[in-house]
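Trainee: Sequence:
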Amino acid sequence: MISGGECQFGKQLKELGSSWFPDLGPPFGVMYCFRCECVAVQKKRRIVAKVECRSMKYDCPKVTCDDPVILPGKCCKTCPGDNTKFGTLLTARTSQILKREEMKSMYSINNPQNIVATGRFMLHKKNLYYSFYVSEKATRPRAIQFMDSTGNILEEHNLTIPSNGPFSIYQNSTGKLCGVWRRVPRDYRKLLKEDQIIVAILWGDKYQAELALAGRIEKYPALQTEILSSLLEPAPGTSPEQMAGAGGTAIVSAVGGTASSVHITLVVNGVFNPDEILDVPLNIRLEAHDKKQIILEDIQKVKKPAHAINVIEITSPVTTSDLRMLARGKLFITVESRRNPESLRLQGQIVSRVSCEIFQTVISSHNPDLQQRTNGLAWLYLNRDGGLVYNLEVNDLNYDSNPLVVLVDENGKRRLELEDLTPTLNRITNEASGTIDKLGPRVLEPLYAGDLSVNVLSKSDIIARGRLVSRPVADARDSPVPILFKKIDDNSPPNVAGMAWVAVDSACELHYDIMLTGLHSYRRLELILEEKPFEVPGATTTRTPLEEFNGNYLEGFSLEIPEWLLAKLETSVCYLEVYSKEFMRPLLRAKLKNVKVPSRCFPNDSDNELPIIASTMNDVGHPSYHALDSKCYSSGQFYEEGEQWSDKLQECTMCSCVNRRVKCESIKCPPLRCKPEDVRHRKGECCPICMDSKTFEEVSNAKVERGCQLGSQFYQAGYSWHPYLPPSGFDTCAICTCDPVSLKITCPKLQCPSLQCSEKDAYRPDKKSCCKKCPEDGKIQCNKKRCTRSICNNRILGRNKNKEKDAIDECCSTQCHRVRGHNPRRMRRERIREHHHHHAKS
Numbered sequence: 008m009i010s011g012g013e014c015q016f017g018k019q020l021k022e023l024g025s026s027w028f029p030d031l032g033p034p035f036g037v038m039y040c041f042r043c044e045c046v047a048v049q050k051k052r053r054i055v056a057k058v059e060c061r062s063m064k065y066d067c068p069k070v071t072c073d074d075p076v077i078l079p080g081k082c083c084k085t086c087p088g089d090n091t092k093f094g095t096l097l098t099a100r101t102s103q104i105l106k107r108e109e110m111k112s113m114y115s116i117n118n119p120q121n122i123v124a125t126g127r128f129m130l131h132k133k134n135l136y137y138s139f140y141v142s143e144k145a146t147r148p149r150a151i152q153f154m155d156s157t158g159n160i161l162e163e164h165n166l167t168i169p170s171n172g173p174f175s176i177y178q179n180s181t182g183k184l185c186g187v188w189r190r191v192p193r194d195y196r197k198l199l200k201e202d203q204i205i206v207a208i209l210w211g212d213k214y215q216a217e218l219a220l221a222g223r224i225e226k227y228p229a230l231q232t233e234i235l236s237s238l239l240e241p242a243p244g245t246s247p248e249q250m251a252g253a254g255g256t257a258i259v260s261a262v263g264g265t266a267s268s269v270h271i272t273l274v275v276n277g278v279f280n281p282d283e284i285l286d287v288p289l290n291i292r293l294e295a296h297d298k299k300q301i302i303l304e305d306i307q308k309v310k311k312p313a314h315a316i317n318v319i320e321i322t323s324p325v326t327t328s329d330l331r332m333l334a335r336g337k338l339f340i341t342v343e344s345r346r347n348p349e350s351l352r353l354q355g356q357i358v359s360r361v362s363c364e365i366f367q368t369v370i371s372s373h374n375p376d377l378q379q380r381t382n383g384l385a386w387l388y389l390n391r392d393g394g395l396v397y398n399l400e401v402n403d404l405n406y407d408s409n410p411l412v413v414l415v416d417e418n419g420k421r422r423l424e425l426e427d428l429t430p431t432l433n434r435i436t437n438e439a440s441g442t443i444d445k446l447g448p449r450v451l452e453p454l455y456a457g458d459l460s461v462n463v464l465s466k467s468d469i470i471a472r473g474r475l476v477s478r479p480v481a482d483a484r485d486s487p488v489p490i491l492f493k494k495i496d497d498n499s500p501p502n503v504a505g506m507a508w509v510a511v512d513s514a515c516e517l518h519y520d521i522m523l524t525g526l527h528s529y530r531r532l533e534l535i536l537e538e539k540p541f542e543v544p545g546a547t548t549t550r551t552p553l554e555e556f557n558g559n560y561l562e563g564f565s566l567e568i569p570e571w572l573l574a575k576l577e578t579s580v581c582y583l584e585v586y587s588k589e590f591m592r593p594l595l596r597a598k599l600k601n602v603k604v605p606s607r608c609f610p611n612d613s614d615n616e617l618p619i620i621a622s623t624m625n626d627v628g629h630p631s632y633h634a635l636d637s638k639c640y641s642s643g644q645f646y647e648e649g650e651q652w653s654d655k656l657q658e659c660t661m662c663s664c665v666n667r668r669v670k671c672e673s674i675k676c677p678p679l680r681c682k683p684e685d686v687r688h689r690k691g692e693c694c695p696i697c698m699d700s701k702t703f704e705e706v707s708n709a710k711v712e713r714g715c716q717l718g719s720q721f722y723q724a725g726y727s728w729h730p731y732l733p734p735s736g737f738d739t740c741a742i743c744t745c746d747p748v749s750l751k752i753t754c755p756k757l758q759c760p761s762l763q764c765s766e767k768d769a770y771r772p773d774k775k776s777c778c779k780k781c782p783e784d785g786k787i788q789c790n791k792k793r794c795t796r797s798i799c800n801n802r803i804l805g806r807n808k809n810k811e812k813d814a815i816d817e818c819c820s821t822q823c824h825r826v827r828g829h830n831p832r833r834m835r836r837e838r839i840r841e842h843h844h845h846h847a848k849s
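Each residue of the sequence shown is one higher than the one before, starting from 8 at the first, in this note's numbering.
Be careful, since some hints might not be right.
16 Å max Cα-Cα, derived EDC-like pairs, lysine to aspartate or glutamate [as the list claims (entries may be wrong)]:
1. K779 <-> D768
2. K466 <-> E424
3. K445 <-> D468
4. K603 <-> E589
Simulated DEER-style distance windows between Cβ atoms [claimed, not checked]:
5. V488 <-> G12: 50 to 58 Å
6. S735 <-> K588: 31 to 39 Å
7. E424 <-> C671: 48 to 56 Å
8. T702 <-> P281: 52 to 60 Å
9. G12 <-> Q300: 24 to 32 Å
10. P730 <-> K779: 18 to 26 Å
No lab work stands behind these hints: they were computed from the structure.
Even for Gly, the Cβ is constructed at its ideal location relative to N, Cα and C.
With the sequences and hints as input, model every part of the structure.
Mentor: Structure, rendered in structure tokens:
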């Protein structure tokens, strides 16, 4: 006891009024079931400070499940809940199953780069969501396999991304691998809960894998409270031979407030000498990258080191400043041999937790009396460095009232405003996006606890708000952006709002994820997909029911969407509609955008076959069929005769409208005449270019994209191309260039070498050649006879009476036969077009 405003607890001084969990040091550590306080007591006429500690066990609520657990940093037992979490470590040392004789021909564990991976898994209902961090030096894996303990493959997922997408913005920015094994059979779920499932990641060819890593999926209690993770790899300077196959992962939990602490679960291997078999000490440090600040330093003994998996638990009190550095990715964790630290050492940066997840919400008014029309959506995620990336969209926002958009901690009676997002709000698009880099525990803790909300405020009241909830990233939620539902009319409930994610996977399955609010008593809902070729009144509309549901949430997929309709998701105007079967009317609609459909999902037939358009299209003010008859239709859009455009379905393809037909041709790249070190290939461009490193860096770092406009086409600065001249196609005898400095377009013809013979004797090797050549001495030049249309017509109609000439032209029989041949599919399309044309005229 000390008089005045401080208490002494061990060697620490505590302020009057503060509270903490007592840290008794090894072997007891932090006692989370006791809370100590520094309180003021009166002793005669003096006020003195005194430490009072009490047990918290008696305040624990009763648990109702059969298998309660104590989570790190907690005192009371809790039920695991619906979402069971698992983890895995994948190194060469954990891949023993791949060394079996029957597997050596299928897998290789030769891993000279010592690639390491760690995974997290969440079993929700019957679906197993998976997430991985993989060494940055590794390329994207080819596949992931789930096996039983004998090596039988239970499930395999392809992880390769086609060159034309769809791509994952989330996976690119976080460096994670994300996916889901849907509808896991009951027997396999039982094996999973018994730690009898093994996961393997494969690189290379599907018939002969270049590399495979495997690891057992196991339950770790610390995963229930994990907020940060780390992938541990052999540290620079360590022995490659001794550290071969070594690696690890860290599961990090933290508790903030007056008794801040950090709990770390380490799963490691490869940091032991061969002769160390009992009570082996390891040095463990949590430190800044420059090693100038050590947050935690401890010695832990491993009772009996194992070859593949060793689990170490560490708990330590920390300061609020330490937690802030932890949340911002400023700290590294080191695990090393105490006996041989220079050769046997693992290290990794503490970053956002491995789990692939986004935090999303529907923003709406929760007070029906206010009759507020403002609604919206928000979705956030943490990038690898711990920055919070946010995106939001709002409707009917009255800027005259100077609204604010803020992140709010809803925990407790008093709402705490944490971050103001208003400065990034665009008044034209009603969208806001950005990254909060300096993220601390005050945002991270409520985010993971489900207490963080997005509020739209006026000076006097809350206009609308939505509490963020975590959702695993997979299928629909791995698409670029969600879409916002809008009310059909005023007959819909006043505060109803919603959002949707939509995506098509590589197996051509349509996935959708719907989140609604404000429906109250509405039941018997149906999700409907609506498609029409263009956004004009009277256009032919196709309505496809997807699924009936109840409540505010729907996650589903459809296997029965035909190819032609899948293609329309990218090329036509499509809507999602929430329909009330109870009241027989639509409630909400949302226009699809940025839905990327894999090219393999498109039908082979041309999309220039137009459906018969309803007679209402001929009303005044809307295009009639006669006006469209001379145009081409492609990818949901009409083009004028002679117009050219970049194809929306096939990358690096130019199309043109020639005689009412769409004619497309792959882009031909001009030859490069520069040093190999000056060759550049920018993302999004079809052809490489010649540009020195200095100019390339200036062009790439420019805040405003610079380039040249030629007709409807835009070319980036420095880009070169062959001009596209319908109906002939690409003119490979000319090269156009957008000057990187002046932004002027020049299209000079290729310079042909001087002829060493007369122009009369020169010849072209083929009709596409730009330059003539001289015949070589002593060699015969042969050219294929070209049969004119008149010769073929005369042969077909029997008009050629000169038998001698007919004999000379016998070589034309094959070519003329090709002219006579018919294309049944083309003829069928011509008949359809003629029928439509006649129908429109009548």
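Trainee: All the hints need checking, so say for each whether the structure fits it.
Mentor: Status of each hint after checking the structure:
Our distance criterion of 16 Å between C-alpha atoms is met by K779 and D768, whose separation comes to about 10 Å. The straight-line distance between the Cα atoms of K466 and E424 is roughly 14 Å, inside the 16 Å bound, and the hint therefore holds. In summary, the hint linking K445 to D468 is not supported, as the alpha carbons are separated by about 29 Å, beyond the 16 Å threshold. Straight-line distance between C-alpha atoms of K603 and E589 comes to about 34 Å, which puts the hinted pair past the 16 Å bound.
Checked against the given bound of 50 to 58 Å, the beta carbons of V488 and G12, roughly 54 Å apart, stay inside it. At roughly 56 Å, the beta-carbon separation of S735 and K588 lies outside the given 31 to 39 Å, and the hint is violated. The supplied range of 48 to 56 Å is met by E424 and C671, whose beta-carbon atoms lie about 54 Å from each other. Distance hint check for T702 and P281: the Cβ-Cβ separation is about 56 Å, which falls inside the suggested range of 52 to 60 Å.
Judged by the Cβ atoms, the range 24 to 32 Å given for G12 and Q300 holds: they are separated by roughly 29 Å. At roughly 21 Å, the beta-carbon separation of P730 and K779 lies within the given 18 to 26 Å, and the hint holds.
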